[in-house]
Amino acid sequence: MAPARARPGNRTIQPPEKITISLTINGAKTQLAIAPWTTLLDALRDHLDLTGTKKGCDHGQCGACTVLVDGRRINSCLTLAVMKDGAKVTTIEGLATNGTLHPLQQAFIEHDAFQCGYCTPGQICSAAGLIAEGKAKTAEEIRELMSGNICRCGAYPNIVAAIQQAMGQS
Amino acid sequence: MINFQYARAADVADAVRQIAADPSAKFIAGGTNLIDLMKDDVERPSRLIDISRLPLKSIEATADGGLRIGALVPNSDLAYHPLIAERYPMLASAILAGASQQLRNMASTGGNLLQRTRCYYFYDTATPCNKREPGSGCPAVNGINRMHAILGASDSCIATHPSDMCVALAALEATVHVTGPHGERAIAFADFHRLPGDTPERDTNLGADEIVTAAELPAQGFATNYTYLKIRDRLSYAFALVSVAAALELDGETIAQARLALGGVAHKPWRDPEAEAALCGKAASSEVFAQAADLLLRDAKGFAHNAFKIELARRVIVRALTQAARGTPQSQSSKKIR
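Sequence order for the protein chains is A and B. If you use the numbering used here, the first sequence corresponds to residues 116 to 285, in order. If you use the numbering used here, the second sequence corresponds to residues 5 to 342, in order.
Hints should not be assumed to be uniformly reliable.
The list that follows gives simulated cross-link-like pairs (lysine to any residue, SDA-like), each with its CA atoms no further than 25 Å apart [stated by the list, open to error]: (1) B/339 - B/243; (2) A/170 - B/243; (3) A/133 - B/18; (4) B/339 - A/249; (5) A/170 - B/6; (6) A/170 - B/41; (7) A/199 - B/51; (8) A/250 - B/63; (9) B/340 - A/279; (10) A/199 - B/44; (11) B/30 - A/152; (12) A/252 - B/337; (13) A/199 - B/59; (14) A/133 - B/5; (15) A/252 - B/93; (16) A/250 - B/340; (17) A/199 - B/41; (18) A/170 - B/241; (19) A/170 - B/238; (20) A/199 - B/63; (21) B/61 - A/186; (22) B/61 - A/248; (23) A/250 - B/242; (24) A/203 - B/37; (25) A/133 - B/41; (26) A/199 - B/12; (27) B/30 - A/201; (28) B/43 - A/136; (29) B/43 - A/265; (30) A/250 - B/87; (31) A/252 - B/331.
Calculated directly from the structure, the hints in this document are not laboratory data.
When you get a sec, could you build the whole thing from the sequences and use the hints?
Now the structure itself:
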């Protein structure tokens, strides 16, 4: 997008060569040639056709883009894919095993923990990260450590209940 | 986001060489603030120098009993580190009061120090901003300024520093270690961030060709009598309207030593040696706390939408000192303020 107006520091930049990176996505090793400004979110959705991860605000404020990188939950919209060369990425598509839903996916269904569903992949990946961190024990702590995932439908009570159920199983 | 070149730094010396060679280049570590600003066209680096793989990720004991925190330690790792939780719980609490767990997993210690203001005008390239474009003006002074500074502001800029972690680091009197083309130097935390004055485009005293390598904590951690109390528009995942890091050393009922740092009120974490000195030697009481708050806020100045912050800050200081004196720090999960 063109800048609103010329500012000091405007300049012409040679488009760089694409950079080839290697990612292990949901267990499968993938090579990808991408421009350095491609976010991990855009790489997943636009280059790898993994559209389960959602673009909400694209500014790290809503959590819809949450994925696990090397087991830790992050905002993929604020992550440059080139910086994650060599990393293991888990998206919502990678949580089910052999056709069996992940306990969090099952719990979200059982607790009706969504309405429109747009935030749900991010909620579930975030909750998977939360359970792996092991810092949240109470509902209060779950709410605090899930605050990076916004649900515009307001399904929060059911989301907390679903996470509590999945935590009990893990 | 404009196009840019990308390069990885091989080591700290290489990072410094690369940044010195290209004045329009920027370092990137966690990226949580920089990429956001690049998407909004506020930051327009020609080149990103990826420092995220440099070996600056350890937390080590120092010879004088403190801790040296590598600049690339993620905020979440720092908050949950056993030595931080045990010896510097005020720092852990402040970190957990900021951002979300996803962002804390990404954001680095050095990057937290260097994050930029969330002033709406700074972010909006359709408006003037002295911080973004020196000399263009400050629409916040007469505009929407609810989140803006009440202390240390200038006619050029009334932005606030957004960090929670830095408020605790200021109270703990951390030291920032940096490396540049001429070697290493250490910067006292109070001297790291700047007041806006006539040069609001400069947030810190870090040189353009320098890199932050570590933050060092002194031995004294105030692990018994402390709190980090943050007041914001929603209970989680929002920037502070006012936050207070309060730490006391008590000798019975008497205050032997006091540290008081405020966030959300100025261009840098705000400390006032006179207010801290006024607490020392006195018995801990709400009257004494109120006197210190009055002293700290004596030059506070409100604007059209943020004058409420002065009274809010007064009350938060008194409540924070009360929590610290009682040894009942604010929980960052239970939002009840006691």
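Outcome of the hint check:
no.: 1; hint: B/339 - B/243; result: holds (15 Å)
no.: 2; hint: A/170 - B/243; result: holds (23 Å)
no.: 3; hint: A/133 - B/18; result: holds (23 Å)
no.: 4; hint: B/339 - A/249; result: holds (20 Å)
no.: 5; hint: A/170 - B/6; result: holds (20 Å)
no.: 6; hint: A/170 - B/41; result: holds (17 Å)
no.: 7; hint: A/199 - B/51; result: holds (17 Å)
no.: 8; hint: A/250 - B/63; result: holds (20 Å)
no.: 9; hint: B/340 - A/279; result: holds (22 Å)
no.: 10; hint: A/199 - B/44; result: holds (22 Å)
no.: 11; hint: B/30 - A/152; result: holds (14 Å)
no.: 12; hint: A/252 - B/337; result: holds (11 Å)
no.: 13; hint: A/199 - B/59; result: holds (16 Å)
no.: 14; hint: A/133 - B/5; result: holds (16 Å)
no.: 15; hint: A/252 - B/93; result: holds (19 Å)
no.: 16; hint: A/250 - B/340; result: holds (20 Å)
no.: 17; hint: A/199 - B/41; result: holds (20 Å)
no.: 18; hint: A/170 - B/241; result: holds (19 Å)
no.: 19; hint: A/170 - B/238; result: holds (23 Å)
no.: 20; hint: A/199 - B/63; result: holds (23 Å)
no.: 21; hint: B/61 - A/186; result: holds (18 Å)
no.: 22; hint: B/61 - A/248; result: holds (19 Å)
no.: 23; hint: A/250 - B/242; result: holds (21 Å)
no.: 24; hint: A/203 - B/37; result: holds (23 Å)
no.: 25; hint: A/133 - B/41; result: holds (23 Å)
no.: 26; hint: A/199 - B/12; result: holds (12 Å)
no.: 27; hint: B/30 - A/201; result: holds (23 Å)
no.: 28; hint: B/43 - A/136; result: holds (22 Å)
no.: 29; hint: B/43 - A/265; result: holds (21 Å)
no.: 30; hint: A/250 - B/87; result: holds (16 Å)
no.: 31; hint: A/252 - B/331; result: holds (23 Å)
When the structure is compared with the earlier hints, no violation turns up for any of them.
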